[in-house]
Amino acid sequence: MPLVAQESGESVQEVGGGRSPSLSFCQERFYDEDDGIIRCNWAVNFTVACFVSYPNNKVIQAGSKLAEPEVVGECDNGEKIVKLRHY
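Quick note on the working numbering: the sequence shown kicks off at 18 and runs consecutively.
Bear in mind the hints are in silico, worked out from the structure with no lab data behind them.
Take these hints with a grain of salt, some might be off.
[Said to hold, decoys possible] Label pairs and their in silico Cβ distance ranges:
no.: 1; residue 1: N62; residue 2: R36; range: 27 to 35 Å
no.: 2; residue 1: D52; residue 2: D93; range: 17 to 25 Å
no.: 3; residue 1: N94; residue 2: G35; range: 33 to 41 Å
no.: 4; residue 1: S37; residue 2: G95; range: 17 to 25 Å
no.: 5; residue 1: R46; residue 2: K82; range: 17 to 25 Å
no.: 6; residue 1: R36; residue 2: N94; range: 13 to 21 Å
It should be emphasised that the depicted structure is a prediction, and the values quoted were computed from it without experimental measurement.
Ideal Cβ positions, reconstructed from N, Cα and C, are used throughout, including at glycine.
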């Protein structure tokens with residue numbers, strides 16, 4: 018199936034291939050974007066992000082960001098959690 022770009026309003030959507038977007042969560046204080054790489058204590062959801070107490074080895078390429086990180090809440094201890102949409 019060929020890859021086709023369709024315009025809808027201001028965005029362009031790819032139909033027929035490619036990777037699905039992902040959501041990653043982490044504590045805001047660990048978020049670090051440098052030299053095209055984003056490091057943090059990445060977790061699969063908000064709850065897990067509250068309990069991951071140190072940055073892990075997972076990195077995300079800055080070019081894969083679909084949006085800037087967004088604070089989505091706080092853990093019981095007051096740590097702010099950010100959500101990042103990316104490929």
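Are there hints from earlier that the structure breaks, and if so, what are their numbers? Violated: hints 1, 2, 4, 6.
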